[in-house]
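Q: Take a look at the letters that make up each chain.
Number of protein chains: 2
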Amino acid sequence: MSSHQEFIPANETYSSSFNKGDLALPPKKRLIVVTCMDARIEPLSQIGLDLGDAHIIRNAGGSAREALRSIVVSQRLLATNQIAVFRHTDCGMLTFTNEQLREQVIAASPGNAAIAEAVNAIDFLPIPSLEENVKADVQFLKENPLVFEATTLTGWIYDVHTGKVCKNVFR
Amino acid sequence: MSSHQEFIPANETYSSSFNKGDLALPPKKRLIVVTCMDARIEPLSQIGLDLGDAHIIRNAGGSAREALRSIVVSQRLLATNQIAVFRHTDCGMLTFTNEQLREQVIAASPGNAAIAEAVNAIDFLPIPSLEENVKADVQFLKENPLVFEATTLTGWIYDVHTGKVCKNVFR
Numbered sequence: 008m009s010s011h012q013e014f015i016p017a018n019e020t021y022s023s024s025f026n027k028g029d030l031a032l033p034p035k036k037r038l039i040v041v042t043c044m045d046a047r048i049e050p051l052s053q054i055g056l057d058l059g060d061a062h063i064i065r066n067a068g069g070s071a072r073e074a075l076r077s078i079v080v081s082q083r084l085l086a087t088n089q090i091a092v093f094r095h096t097d098c099g100m101l102t103f104t105n106e107q108l109r110e111q112v113i114a115a116s117p118g119n120a121a122i123a124e125a126v127n128a129i130d131f132l133p134i135p136s137l138e139e140n141v142k143a144d145v146q147f148l149k150e151n152p153l154v155f156e157a158t159t160l161t162g163w164i165y166d167v168h169t170g171k172v173c174k175n176v177f178r
Numbered sequence: 008m009s010s011h012q013e014f015i016p017a018n019e020t021y022s023s024s025f026n027k028g029d030l031a032l033p034p035k036k037r038l039i040v041v042t043c044m045d046a047r048i049e050p051l052s053q054i055g056l057d058l059g060d061a062h063i064i065r066n067a068g069g070s071a072r073e074a075l076r077s078i079v080v081s082q083r084l085l086a087t088n089q090i091a092v093f094r095h096t097d098c099g100m101l102t103f104t105n106e107q108l109r110e111q112v113i114a115a116s117p118g119n120a121a122i123a124e125a126v127n128a129i130d131f132l133p134i135p136s137l138e139e140n141v142k143a144d145v146q147f148l149k150e151n152p153l154v155f156e157a158t159t160l161t162g163w164i165y166d167v168h169t170g171k172v173c174k175n176v177f178r
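Residue numbers (the working numbering), protein chains in the order written: chain A, 8 to 178; chain B, 8 to 178.
Among the hints, a few may not be true.
Stated by the list, open to error - With a straight-line cut-off of 27 Å between C-alpha atoms, the simulated DSSO-like cross-links for lysine-lysine are:
no., chain 1, residue 1, chain 2, residue 2
1, A, K171, B, K174
2, B, K27, A, K174
3, A, K142, A, K174
4, A, K171, A, K142
5, B, K149, A, K35
6, B, K149, B, K171
7, A, K27, B, K174
8, B, K171, A, K27
9, B, K142, B, K174
Please keep in mind that the hints were generated in silico from the structure rather than gathered at the bench.
Given the sequences, and given the hints that come with them, work out the whole structure.
A: Right, dumping it as structure tokens:
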């Protein structure tokens with residue numbers, strides 16, 4: 008059975024006791040969390056947020072650059088004024104370079120020009136150094152003209168093996 | 008007190024009973040969920056997933072196009088083979104056009120050429136029609152040469168007022 012077939016019965020259980028249908032569209036804490044897609048991350052429970060508190064943006068590595076479109080929408084439409092860049096140890100994005108991933112994809116489909124062209128057009132935003140990358144992303148947001156100047160910006164590193172926020176990199 | 012100051016005490020409570028430090032990097036269900044940053048979405052509980060089960064990609068609107076970089080990383084590095092596009096009612100991305108948002112941003116900083124240039128360079132990926140957009144995103148993934156052909160692709164709409172997955176748009 009695929010995971011998809013389990014969604015409906017699981018959601019029936021969830022909705023049968025659902026009592027948060029009155030939550031407003033704007034995030035209650037005016038907070039944006041930018042974090043990784045990693046399966047071991049679940050920011051609400053890990054930093055004490057409730058449903059409705061924050062916009063959660065997630066992508067491979069938790070890139071704030073890729074998140075910019077979403078951040079501008081969040082701030083301009085819904086007046087969020089805090090951004091937390093929440094990264095984690097043992098991140099897959101620390102394990103390859105653009106060149107390595109592109110070569111792997113191309114080698115898996117030899118002679119396929121469409122795949123080669125598509126993969127060469129993507130910057131996969133690999134992360135050479137976790138802490139430096141968190142700092143750079145916070146700095147990117149700090150300097151970006153589209154991010155409100157009064158935004159509170161912070162950067163964090165979470166340890167997937169201990170469940171602890173082990174580092175407050177930038178506040 | 009800003010939300011950031013509440014993260015550490017909340018995380019101390021979380022980590023004090025944390026017992027999932029042995030979860031592997033690859034998502035256990037080989038599943039990717041692409042969903043919106045909306046504060047009322049929390050996919051794990053809403054469709055019955057546990058920590059470690061799935062890569063979760065979130066952005067404004069839950070765009071699969073913007074998620075492509077992350078999806079390629081997920082599939083090529085960690086062999087995920089299911090993608091669920093999980094959207095929701097009352098989405099903020101249904102409420103504006105690119106032109107309207109750009110005009111709002113430019114009007115808020117009159118005469119600021121850096122802001123005008125930056126905002127005009129962004130496609131905010133607004134959503135004229137929710138159901139059509141889910142279908143189009145699933146189709147985009149189905150046709151994309153970088154997404155594994157054998158991927159199980161589905162599209163869903165969740166109702167933020169009832170807590171119910173109200174529509175299985177595409178399976």
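Q: Hints first: check each against the structure and report whether it holds.
A: Okay, the hints, checked on the actual structure:
no.	hint	in the structure
1	A/K171 x B/K174	violated, 37 Å
2	B/K27 x A/K174	holds, 19 Å
3	A/K142 x A/K174	holds, 12 Å
4	A/K171 x A/K142	holds, 19 Å
5	B/K149 x A/K35	violated, 36 Å
6	B/K149 x B/K171	holds, 26 Å
7	A/K27 x B/K174	holds, 19 Å
8	B/K171 x A/K27	holds, 12 Å
9	B/K142 x B/K174	holds, 12 Å
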